[in-house]
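Engineer: Read off the chains here:
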Amino acid sequence: MVKVKICAGSHCSLVGALNILETLEELQEEYPDQIQIERVECLDKCEDIKKAPVVKVDDELITSAQNQIVISKVMERIK
Amino acid sequence: MSKLKGIYTDIVKIRRMVFAELASLALKDAECEEFDKIPYRIIDTEEATYRSSIFKERAIVAARVRMGLGMDYETNQEHKLLSEGIRDFLNNDNQLKEPLVNVIRFACEKCPTNAHFVTNNCRKCLAHPCSIVCPVDAVSIEEHAAVIDQEKCINCGKCKEACPYEAIVNYERPCAAACGVDAIESDDYNRASINQNKCVSCGQCIIACPFGAIADKSMIYQLLKSIKRGEDVRAIIAPSFVGQFGPLVSAEKIVAALKKLGMKEVREVSLGADFASLHEAELFAEDVPEQQPYIGTSCCPSWTYIADKHVPETRENISDSSSPMIFAAQSVKENNQDSKVVFIGPCVSKKLEALSENVKDEVDFVITFEELAAIFVAADIELTKVEAEEEISDASYYGRAYANAGGVAEAIRQNLKEKYEIDPPITKADGLADCRKTLTKAKAGVLEGHLVEGMACEGGCVGGPGTLLATNRGAKNVSKFADQSPYKFAFENDKLKDRDK
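Those protein sequence lines, which keep their order, are chains A and B.
Position one of the first sequence corresponds to residue 62 (the working numbering), numbered consecutively onward.
Position one of the second sequence corresponds to residue 168 (the working numbering), numbered consecutively onward.
Just so you know, not all the hints are guaranteed correct.
Said to hold, decoys possible - Cross-link-like lysine to aspartate or glutamate pairs, in silico, EDC-like; alpha carbons within 16 angstroms at most:
id	chain 1	residue 1	chain 2	residue 2
1	B	K420	A	D109
2	B	K643	A	E83
3	B	K552	A	E102
4	A	K106	B	E276
5	B	K180	A	D109
6	B	K223	B	E265
7	B	K643	A	E86
8	B	K552	A	D105
9	B	K431	B	E419
10	A	K112	B	D211
11	A	K111	B	D211
12	B	K327	B	E310
13	A	K112	B	D177
14	B	K643	A	E87
15	B	K172	A	E83
Rather than coming from a laboratory, the hints here were simulated on the basis of the structure.
Computed from a prediction, not measured in an experiment: that's the story for all the values here.
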């Protein structure tokens, strides 16, 4: 089971977290037993907005997260 | 719907960063010179990332800054510091004017216009059905592949359909493809240009352009300055707002955050939708079919502009009822005459509606959800940590459902059934091209007795260019929030009591 924490704070939502969440949720429909998504309040890593969005895949912290990076990290762990 | 809708690209990022910078400078009461630094803060690399040169990238950001402040687009032919222009503007009219949607011309990459091309999938097959089905004999079989004579080609698409190798593609400018009213033309340099006589300011081309070369103007700065001056600013928020600011940010939190920002009051525009659906039901019951053959809904400004500019014969049958925005603004100003009202919504063309002669005294500012999200960041308001205070319950189920395609007609129909025992046939136009087609049908007289709903954005307001959420997700949130309403029908809404229901 891959645990993904995705920040749903103001900064991260403005710069793409909502879109990453949408893709993750679609992926979760394909692999319902293998992905757990937690929408969390600000992870306090985005004091500089350039570090947003912030996502955690298991223990790996990803700043300035991009959709393709997050999804591929999740996919790696599913395989 | 544009393929780019709902995808977070660097274009979206830059647009939002510009909004956040503008909001931040407004809140800091910064000097004009500070605006000169925005292009450098947003494009802070050493080499170009997106374009031929970093100077061009910054010039495009500067053009975005100007429009973000509400200023007109300017060519780059004259030497003028960004801050000089801004100082002139802020000291003089400081007022957004038409045209609302503009091509940043030097950002346009001059995509080829509509044409059919043969790709290298072509096997130069013996059958070559492409040339046989062509009605104008434009496809010839040359040494290596089929070739389309662009002079002869009429873009009928028959060759594309006939090819067994998917070798023929139809290439369209994304901006022009998104424009259902054919307002995108080319200037002398073959760059996209918007024919303002045809443009209905829906904003779809802004989302569709893969080079981010089209932008609308904004009132972020004027709104925040008004709040900073201590003016009594009150917000009315459009029905599609639910969930736009993230999955942890409830409607109540959004209201609380707006108050934190300095709004004295926040009301749902759905309250205005309840007024509007009752009013339009009344008009329908009184006038259709005796006085007028059908009624078109009035809430979508781009839809009414399509009638104005493209099918003027139908304009008199588009309801002259005020839009939910106007009703909601009036309900605020009734008791607070000196207040300023800001409409917050998914919509670009509402900015234009608010400038019109009979609306400008009711609605003072219009901003989008996207612009508001950037304001929250600039004001350092962390939405997930805002404490929700009061419940929000201004509107009925059907008023809240106005934001989804079909919701407007359904609300009016419920009122007609309940109050007038009329169940009219309904025609729904969903998206720009469909709106135009529907109005053309209406003009031809085939919609007699119909209630005609027009939504210029596909999916309804939840598909608006100023949203942050994908259209289908926005729609789900709207339906869920509608279910929580204390009233089912507009006529049950206690808040309308003072008005003549």
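Engineer: Would you mind marking each hint as holding or not holding in the structure?
Structural biologist: Now for the hints, and whether the structure bears them out:
1. B:K420 / A:D109: It is violated: about 24 angstroms lies between the C-alpha atoms, which goes past 16 angstroms.
2. B:K643 / A:E83: Satisfied, since the Cα-Cα distance of roughly 13 angstroms is no more than 16 angstroms.
3. B:K552 / A:E102: With a Cα-Cα distance of about 7 angstroms, the restraint between B:K552 and A:E102 holds, given a limit of 16 angstroms.
4. A:K106 / B:E276: Distance of about 37 angstroms is beyond 16 angstroms: violated.
5. B:K180 / A:D109: holds, 15 angstroms
6. B:K223 / B:E265: Given pair B:K223, B:E265 is violated - Cα atoms ~26 angstroms apart, limit 16 angstroms.
7. B:K643 / A:E86: This hinted pair holds, its Cα atoms lying about 14 angstroms apart.
8. B:K552 / A:D105: With Cα atoms ~12 angstroms apart, B:K552 and A:D105 stay inside 16 angstroms; holds.
9. B:K431 / B:E419: holds, 15 angstroms
10. A:K112 / B:D211: holds, 14 angstroms
11. A:K111 / B:D211: Cα-Cα ~11 angstroms, so holds.
12. B:K327 / B:E310: violated, 20 angstroms
13. A:K112 / B:D177: holds, 15 angstroms
14. B:K643 / A:E87: holds, 15 angstroms
15. B:K172 / A:E83: Between B:K172 and A:E83 the Cα gap is close to 13 angstroms, so the pair holds against 16 angstroms.
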